[in-house]
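Here is how the chains run, residue by residue.
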Amino acid sequence: MSMTTATTDEVAEEPPAPAAPSDQRERDRMRRRLARRRGGGWWPYLFLAPWFVGLFGLTIYPMLDSLYLSFTDFDLLTPARWVGLDNYTRMFADDPVFWDSVHATLVYVLVSVPLKLALALGVAMLLNRDLKGIGLYRAAFYLPSLLGGAVAVAIVWRQVFGGDGLFNDFLAWFGIKGQDWISSPDSALYTLVLLAVWQFGTPMVIFLAGLKQLPKDVYEAAALDGARPVTRFFRITLPLLTPIVFFNVVLQIIDAFKTFTPAFVISNGSGGPLDSTMLYSLYLYKKGFTDLQMGYASALAWVLFLVIAGFTAVNFVASRYWVHYDD
Amino acid sequence: MSALTPNASPLARLRSLTGSRRILVHTLLVGVAVVMLYPLLWMLSSSLKPDTDIFTHPGLIPGRVRPENYSEGWSGSGNSFSLYIVNSLIVTIGAVIGNVVSCSLAAYAFARFEFRGKRIWFGLMLGTLMLPTQAVLIPQYTIFYNLTWINTYLPLIVPKFLAVDAFFIFLMVQFIRSVPRELDQAAMVDGANPWSIYWRIILPLMRPALITTTIFTFIWTYDDFLHQLVYLQQNDRFTVPLGLTLFLDQTSGSSYGAMFAMSTLALLPTLICFLVFQKRLVEGMATSGMKG
Amino acid sequence: MGHQIPRRTLFRTASGLAVAGALGGTLAACAGGTGAGSRSDKLTMTWWGSDDRHAAYKKALAQFREKHPDIGIQETYQGYDGYFDKFNTNIAGGSAPDLLQMDTALVAQYARKGVLASLDSYVGKSLDLTGFSKTLLAAGTVDGKLYGVPSGIGVNQLTVNRSGLEKLGLKYPDPEWTWADLRKTAQDVYKKSGGKTYGVDDGGGSTLQCFEIFAREKGQQFFSGDGKKLGFTADTLQEWWEYWAQMRRTHACPPPAVTSAAHNDLTKNAVVIGKALFTFDSGVYGAGGSITDAQLDFLPTPQGDFSGAREGNFVNGGVLLSATRASKRVAESVQIMDFFAQDPTAIKDMRLLRGIPPTQKARSLISAGLNDTDKRNMATADYISRRVSKATDALPAPVPPPQGADQIWDLLFQSNLAVAFGKKSIKAQLGEFFDQAAGILAK
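Residue numbers (the working numbering), protein chains in the order written: chain X, 1 to 327; chain Z, 1 to 292; chain E, 1 to 443.
Pulled out of the complex, with its shape left as it was, chain X reads as follows:
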């Protein structure tokens, strides 16, 4: 790498311009100035061109349209009718299921995200080594995420946590008599949380990729200093990994708030028993597509948007104090 050139250049930056500058030197200086300003002229827009086309051509209009629909009564089949804030007032004043879904979703987010991230980071550390057959282990750990929300996963999950399921067989070893976890309103939500935690493959792969990118010389130095593994993890690995940890925290929270498929397949679209697994997006979908109240569903969507935006904003503000960037 041209590291040496870079350093000499930094040093050469200060002296006054020579009396007869060659074209080459002049151009170099221009470039350095550009580099310092990092404006790049029209370059950033060139790089962003596809994204701009996508944003204005495909993304913005549907978002604005759904915002508009949130102030209407729209049944999908006949034209939308303006109703002002009706959908929003109904939501907060007159819809007990809305509050059930808010409660279920908050529990789901607050319990599943920390557990999932901790497990993902732990396993990523464990898998970040040269071990025979490590690829197969990685595949095994990623497999549940590979299956996603497939019918098969739902059926298996209902089998494992059912009354005669594997989980109760396991508890029976310890003399504990289990119940039907999936169909009891007090425990059903936690089987969903477990499912989310079990599918920790996505943040795990991202952590792995992040660990691969860590500079090795720092470790070398630490290893020579005789730093213990735990110290190495907290002093070196974790701080260097914070941009990736931050990414995973932000995205997992957004994702958890929007969770739809697991709740849909595990409860067969009902959100039951007794609305205990009625996650917010599932409720929104039921309102929009099953009950044909797309106006109301759009209002639900925008309330969720604001909540997620709030959480994300807090995350970004907080990141100032713990995320460490190398640039």
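FYI, nobody ran anything at the bench for these hints, they're computed from the structure.
Mixed in with the good hints, there may be bad ones.
[What the hints assert, rightly or not] If we take Cβ atoms under 8 Å as the criterion, some of the chain Z residues that face chain E in the derived model are: (1) 78; (2) 137; (3) 254.
For glycine and all other residues, C-beta sits at the position ideal for the given N, C-alpha and C.
Given chain X, put chains Z and E in place with the hints provided.
Quick look at chains Z and E alone, frame taken from chain X:
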């Protein structure tokens, strides 16, 4: 900067565990892996059972074996299941290329340039992640309908070339930001323009992120049901998730065995994709040593 | 450290969007509206089913094409999952199919929203409905107009694990049995099996083929004629829930966890997993296939054992074929409906795949090729439809359920579950049920 060969470094010594600890790690990994693999095994076993046994005898070892599930599922009703796999691969590979190219371009701009309204654009980009898909499905459909793209793969592929997956832009921004900036500054001083910096420095150094993007785009596109359901109308355009629903109908009797058989087969492309690319992820380790 | 990840951006973004939203209204105004018909130059037809039904439809349509080479048909088919999501999206986006398989539970909603074409002007001309009974056609009739041609008759019957009953040495119940007989038989199953098997799945929350029948035996419909109110009284529902509370206490039916698990999930149905011998869910025996190896048989729903009990059973319409109003090919769609209703080759191709065929002529055409269980299924259906047509005290067949009906059914299911889990008393739940139901139907 001295060359780092993994074998000679103290790091390599750290990584090579002593015998007993190695066994411990293996045991731990095998134990957890079995728990993780249980559903796959259950699905595999169900794919070999007659329909009447799948739910009445849910154990892992099939009592009666019925390999016909595979042949019947494969020949399907009208279209061979191979058609759905091919269609899925077309959509998936198109989406992967689109995401890798367009998201890395946008991410480079966000991570390395200052420009007017950058924070607003960045916030907007994240904002597109925050609205549930179900809420924008119908207006999106209207756009593609007016473009007469319904019943083609374009609504599933073209948006990826326009970087609509903010997830990957944000992911790549975070990776680019952990690449030391001195590298591209040095190149700039050497006369490289932003394009060649992107091409020659940033892309190679963010390989782990590109591989991650490839894996996730592949799997998520391959598994996506809702968009494929809405945009693909004709059965000969159907993809794997749509093909699988053809076996199930709660009102007129379902072919669960065939569904599980094809679910198992359909898992192979994603599994192969993961195995191939996670290997690249390991190789990335050796090359990224140079950047210190 | 020049670059900073934006921190306050999100707030700005949110407010920026809100401003832009005011403009968005004009953009969006064109998004709604009824479908403008498909753009394909062929007639588009769509249905749901599993692979047997797909193959049968395609075979029959091939025959149709031979007879009508002038009509081009573009067919699409899928499972039930997502079928109506797709249909709704198509209509909202302006591209509805010309001809579709319609659910009897949803036909009223779509007809009243102006999505479906009325077929009355074709009946007796290009649409021959000879042999379709009036009660059967009621399944596709909304506010006096026909919007769908029924594919078959659906009757209300229980599916019985016959081999399980025989194993316990219990007598097969008489088809003229009552609710008290059901209770007695179900309790016997629990006792004789040594507590291993319950009798019947919990019907306290199931509407179709269950509570609706009970209400009709009391002379009450589930929905009022105009679909704006419930048609039954709180007393009726209370009696019903008390009946099932007693069933649960005596283990005649399984505890709520089993009931809850089977909600919308056939694979967890009590009969399928061997927890009960009787089920109200007709899906356990699909045409020609089953997911249990038990030998299955069928029984009519029990009759009322109170004074003044009426015939409560009725004949329903399987699935429907409907045309969309925006379509420019309604006349051609009707020709296809007629073909499926009357053409012998089409009837033979479809066998029992869309329910038991609607006409006597069709039933006799297919009876030869059926297996034992299919035959028993059809015999029970015949028995019920004959009994219903002879009954003088039966209420007219129910009108197609109004919009919001599926929410009411779900409410009934959840309410029964809340009682069964002990979260609510019957009295308290009754009040809540009627309050919420009124709210849903008022919309």
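Exercise. Which of the listed hints are not met by the structure?
Worked result: none
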